[in-house]
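Single-letter residue listing:
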Amino acid sequence: MDTQVIIDSLPAMFGGLWLTIELTAYALLIGFCLAVAVAMMRVSRNVFVRAPVIAFIFFFRGTPLLVQIFLIYYGSGQFREELTQIGLWHLFREPYFCALLTLVLNTGAYTAEIFRGAIQAVPHGEVEAARACGMSGWLLYRRIILPKALRLALPAYSNEVIQLFQSTSLVSIITLLDLTGVARTIVARTFDVYEIYITAGLMYLAVTYGVLWIFRIVEHRLSGHLREREDPATAVRDALRARS
Amino acid sequence: MFDLKGYGWMLWEGLATTLEVGVCALLLAIVMGLLGAWGKLARNPAARLAANTYTTVIRGIPELLLLLIVFYGTPTLLQALAARLGHDIRVDFNAFTAGVLTLGFIYGAFATEVFRGAFLAVPKGQVEAAYACGMSRGLAFRRIMLPQIWRFALPGLGNVWMVLIKATALVSVIQLDDLMRKSFIAMGVTKLPFDFFFVAAMMYLGITAVSMVGQQQIERWANRGVRRA
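In the order they appear, the protein sequences are chains A and B.
According to the numbering used here, the first sequence holds residues 119 to 362 in order.
According to the numbering used here, the second sequence holds residues 656 to 884 in order.
You can take every hint at face value.
Stretch-level coverage of chain A by chain B, calculated; a stretch enters the list once three of its residues show a Cβ under 8 angstroms from a Cβ in chain B:
| hint | region |
| --- | --- |
| 1 | 183-193 |
| 2 | 292-302 |
| 3 | 311-317 |
Source of the hints: derived by calculation from the structure; they are not laboratory data.
Ideal placement from N, C-alpha and C gives every residue a C-beta, glycine not left out.
Construct the complete structure from the given sequences, taking the supplied hints into account.
Now the structure itself:
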């Protein structure tokens, strides 16, 4: 075990961790907006709205993320001329853009499926009541369905966040220097395989459980109205005990 | 549809390797899952701690990194240990073995949760009744628990399989000739990246679709004696 090499490579690895977190955050932010739109289209009664969205979700949930990354990063090369003509080639040339695009589409599809379940789990009576009050369309979604659905989706969504955070390690395959990418370059230079990889693993582990902890707090705060009220006698006893 | 310039057979070969890795890893994952679930529900605190550490660590680290640790780290670790004992050995890890071991190990952690849920879903009274009839723990497990556990575990195991078969794409990183790597090689020769990766994606999609139908069939067969509400 060579501790010096770990200490020496820590700054570079924190840089890599930052890129990993940055990619995750952007993908989550854009993917979330995409997912809300896609989920709303998925529950539409119009089959022409629903069908393409079902195909999108099926494709991105049914194929490996690595294929999707390669399809966008290498695959776009086959359409280089067309892309140059419409002025998008300089974007698709960048591994960062391709990686982010793939992650957004991927998490968008998974999250949309989570939101679809949540939207369909909103009690019918609440929607009916809102309609009886004269709400419809966007107003109904914004005031009644989405706030309720997002709260219902939170536990499943936290899994998706963790999943996405870990899948970002695949971007190292298309030369991006995220945490895994940095670890791989250091190992290629120093051959200290397990010291470096295990340090990287511990960093992923720490962030993963940090995120899970934050989600647990948020869930706790959002579900206050569902918890049983604390017994007043116990509360008084605990307060007294805390003072003495 | 696509002109694959005569490289289509390579993709089929790759698909076969992908399925081989997937099935072997699933079998290993089932064994690991049963062991893990047994550990989590054991009275022995050491077994519980080991099982909990296993699932915690595996679920917190990306699959790619674990694959790299197993494939590159294990030989180095073994060589370093041997050197300390005064032996000079050369350990080479077969990519297939490394891939199956890592994936089986990772998805064993997910299977652990599936089996744990299934264990707990068996009504406690049935096991007590079995003991009361004079069955030993092993016999009660084999006759009463196991037939029900695997039925309860089927939907969860189906999900594990779907995620696992997609994760096999990662073994291409350690130079195993699976569907991804074959597509990559074919792309290098033909300069048609989109066509090959699209066909590969369709093959994965095909596996997913077939698995979904297969899962429904197996579940229907497994639940044939269950009364529905």
